[in-house]
Amino acid sequence: MTRDDAFLQFLLRMGDNTLVLGHRVSEWCGHAPVLEEDIALANTALDLIGQTQMWLALAGEVQGDGKSADDLAFLRDAWDFRNALLVEVPNGDFGRTLMRQFLFDSWHKLMLERLKGSSDERVAAIAEKAVKEVTYHVERSRDTVIGLGDGTEESHARMQEALDYLWPYVGELFAGDAVDAEMVAADIAPDPASLRADYDAILAEVMAEATLSIPKSGFAHKGGRDGRMHTEHLGHLLTSMQWLQRAYPGARW
Amino acid sequence: MAQPSEQQVWDWLDAVPDPEIPVISVVDLGIVRDVAWEGETLTVTVTPTYSGCPATSIISMDIETALRERGIRDIRIKTRISPAWTTDWLSDKGKMKLEEYGIAPPRPAGGPERCPRCGSKAVEKVSQFGSTPCKAHWRCTDCLEPFDYFKCI
Ligand SMILES: [Zn+2]
Numbered sequence: 001m002t003r004d005d006a007f008l009q010f011l012l013r014m015g016d017n018t019l020v021l022g023h024r025v026s027e028w029c030g031h032a033p034v035l036e037e038d039i040a041l042a043n044t045a046l047d048l049i050g051q052t053q054m055w056l057a058l059a060g061e062v063q064g065d066g067k068s069a070d071d072l073a074f075l076r077d078a079w080d081f082r083n084a085l086l087v088e089v090p091n092g093d094f095g096r097t098l099m100r101q102f103l104f105d106s107w108h109k110l111m112l113e114r115l116k117g118s119s120d121e122r123v124a125a126i127a128e129k130a131v132k133e134v135t136y137h138v139e140r141s142r143d144t145v146i147g148l149g150d151g152t153e154e155s156h157a158r159m160q161e162a163l164d165y166l167w168p169y170v171g172e173l174f175a176g177d178a179v180d181a182e183m184v185a186a187d188i189a190p191d192p193a194s195l196r197a198d199y200d201a202i203l204a205e206v207m208a209e210a211t212l213s214i215p216k217s218g219f220a221h222k223g224g225r226d227g228r229m230h231t232e233h234l235g236h237l238l239t240s241m242q243w244l245q246r247a248y249p250g251a252r253w
Numbered sequence: 001m002a003q004p005s006e007q008q009v010w011d012w013l014d015a016v017p018d019p020e021i022p023v024i025s026v027v028d029l030g031i032v033r034d035v036a037w038e039g040e041t042l043t044v045t046v047t048p049t050y051s052g053c054p055a056t057s058i059i060s061m062d063i064e065t066a067l068r069e070r071g072i073r074d075i076r077i078k079t080r081i082s083p084a085w086t087t088d089w090l091s092d093k094g095k096m097k098l099e100e101y102g103i104a105p106p107r108p109a110g111g112p113e114r115c116p117r118c119g120s121k122a123v124e125k126v127s128q129f130g131s132t133p134c135k136a137h138w139r140c141t142d143c144l145e146p147f148d149y150f151k152c153i
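Protein chains in written order, with this note's numbering: chain R, 1 to 253; chain F, 1 to 153.
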């Protein structure tokens with residue numbers, strides 16, 4: 001694998017994470033329990049899609065085939081996506097959506113903080129921009145996880161269920177491979193495993209406050225970051241997200 | 001036509017309203033970072049507020065339209081993301097106009113100083129997110145009116 005191949009994979013991972021999660025979160029538009037939450041979810045989705053435009057535009061540039069961010073978002077099929085499985089699982093109820101958001105945001109913020117120091121100044125610039133938005137995302141998802149976890153009997157039970165369901169998808173965020181090793185060697189991105197200790201510390205603190213127990217199992221579903229085996233959910237998501245380009249190839253407005 | 005000075009262009013841009021908060025100009029918002037002639041081409045450098053802000057492309061179009069109306073033909077809008085936009089770049093004039101309009105201006109303390117309607121300091125946060133990416137939703141516990149707060153980033 002050349003450095004540019006690895007760099008492209010890395011950029012797709014970043015951009016596909018924000019794209020797929022942005023789409024998932026946007027599915028709440030018009031359906032959230034209260035208006036303020038609806039607006040917050042829509043804003044979060046918007047930020048994530050905005051970040052996707054930056055990551056995938058750079059991916060297209062590095063790939064060098066003249067592909068735009070839109071081409072990469074709408075004209076690839078499931079096996080070409082490089083997002084972690086965590087972001088493609090269905091939303092479930094509001095609590096599970098916000099639990100997933102918190103699990104992702106906490107990783108995302110740590111990752112972006114490190115990428116601000118990337119040897120590639122384009123990566124550093126995107127990270128510098130994105131981390132400001134993500135700081136707001138995690139503040140809100142954290143407060144919501146605590147509010148619902150340490151809430152009513154019903155909300156507590158649902159949040160524990162959400163954490164138990166999502167926990168096996170967390171490990172993949174920290175599982176490095178040859179792509180990551182190449183990025184570390186080039187000083188472009190950190191070893192994902194090196195974020196784990198800080199992540200665990202944040203989770204321990206927040207889950208304690210939320211009166212939720214972190215599952216003991218270290219089992220991790222994998223296959224999203226390397227595209228080897230996505231869940232069946234990604235294909236369904238893409239049929240909706242890419243519907244227009246599939247039905248009317250090349251449509252523009 | 002003689003080439004207008006860069007200062008003249010800045011003045012013209014200061015008359016281009018932000019599409020979502022029309023009481024302030026795109027210059028007040030601090031997103032116009034540079035105006036420079038390169039030969040016959042006028043380059044305007046713009047830094048977006050939030051990466052997904054739908055107003056960004058409208059703003060670029062509005063800038064181009066305004067300058068075209070002033071007779072400038074060859075315009076290039078350059079997007080620059082680093083250094084990232086910060087609310088520190090809002091002009092003092094812009095902050096004043098925001099408050100008059102009913103939007104509490106950003107403060108490093110992380111919340112509004114007072115209710116933009118009645119001036120009361122008894123305010124509380126409703127949601128970190130508001131009607132546009134740059135705003136949060138607050139309310140005044142004295143006059144009971146909800147209001148937008150321009151988030152500090
Ligand atoms: Zn008031």
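Do not rely on the hints blindly, as some may be mistaken.
[To be verified] Here are some of the chain R residues that sit facing chain F, going by a computed Cβ distance under 7 Å:
| id | residue |
| --- | --- |
| 1 | E36 |
| 2 | I39 |
| 3 | A40 |
| 4 | N43 |
| 5 | L46 |
| 6 | D47 |
| 7 | E128 |
| 8 | R140 |
| 9 | Y165 |
[Unchecked claim] Distance windows between CB atoms, simulated:
| id | chain 1 | residue 1 | chain 2 | residue 2 | range |
| --- | --- | --- | --- | --- | --- |
| 10 | F | D88 | R | S194 | 27 to 37 Å |
| 11 | R | P33 | F | E113 | 25 to 35 Å |
| 12 | F | C118 | R | A175 | 50 to 60 Å |
| 13 | R | G250 | F | R114 | 49 to 59 Å |
| 14 | R | L35 | F | K121 | 24 to 34 Å |
| 15 | R | M1 | F | K93 | 46 to 56 Å |
| 16 | F | R117 | R | G147 | 21 to 31 Å |
| 17 | R | D93 | F | G119 | 26 to 36 Å |
| 18 | R | G64 | F | G119 | 56 to 66 Å |
| 19 | R | S217 | F | T43 | 22 to 32 Å |
| 20 | F | P22 | R | G64 | 35 to 45 Å |
Just so you know, these hints were derived from the structure itself, not from any lab. We treat Cβ as the ideally placed atom computed from N, Cα and C, and that holds for glycine.
Does the hinted range 21 to 31 Å hold for R117 of chain F and G147 of chain R at CB? Holds, at about 28 Å.
Restraint check, 7 Å cut-off on beta carbons, for D47 of chain R near chain F: Where the cut-off is 7 Å and the nearest Cβ of chain F is about 5 Å from D47 of chain R, the hint holds.
Can the suggested window of 27 to 37 Å be confirmed for the beta-carbon pair D88 of chain F and S194 of chain R? holds, 32 Å
CB-CB spacing for G64 of chain R and P22 of chain F relative to the 35 to 45 Å hint: holds, 42 Å
Hint says 49 to 59 Å; check whether the CB-CB distance for G250 of chain R and R114 of chain F agrees. At roughly 53 Å between Cβ atoms, R114 of chain F and G250 of chain R fall inside 49 to 59 Å, so the hint holds.
Once the shortest beta carbon distance from E36 of chain R to chain F is found, is it less than 7 Å? It holds, given that the least Cβ distance between E36 of chain R and chain F is near 4 Å, below 7 Å.
Using the beta carbons of M1 of chain R and K93 of chain F, state whether their distance is inside 46 to 56 Å or not. Given a distance of about 54 Å, which is inside 46 to 56 Å, the answer is holds.
Let's test the interface hint: is any C-beta of chain F closer than 7 Å to that of Y165 of chain R? violated, 26 Å
Closest C-beta approach of A40 of chain R to chain F relative to 7 Å, hint status: The hint holds - A40 of chain R has a Cβ within 7 Å of chain F, the shortest such distance being about 4 Å.
At a threshold of 7 Å, is the proposed contact between N43 of chain R and chain F supported by beta-carbon distances? Cβ of N43 of chain R sits 4 Å from chain F, so the hint holds.
Would you say the C-beta atoms of C118 of chain F and A175 of chain R sit inside 50 to 60 Å of each other? holds, 54 Å
CB-CB spacing for G119 of chain F and D93 of chain R relative to the 26 to 36 Å hint: violated, 41 Å
The structure is inconsistent with the numbered hints 9, 17 and 19, although it conforms to all the rest.
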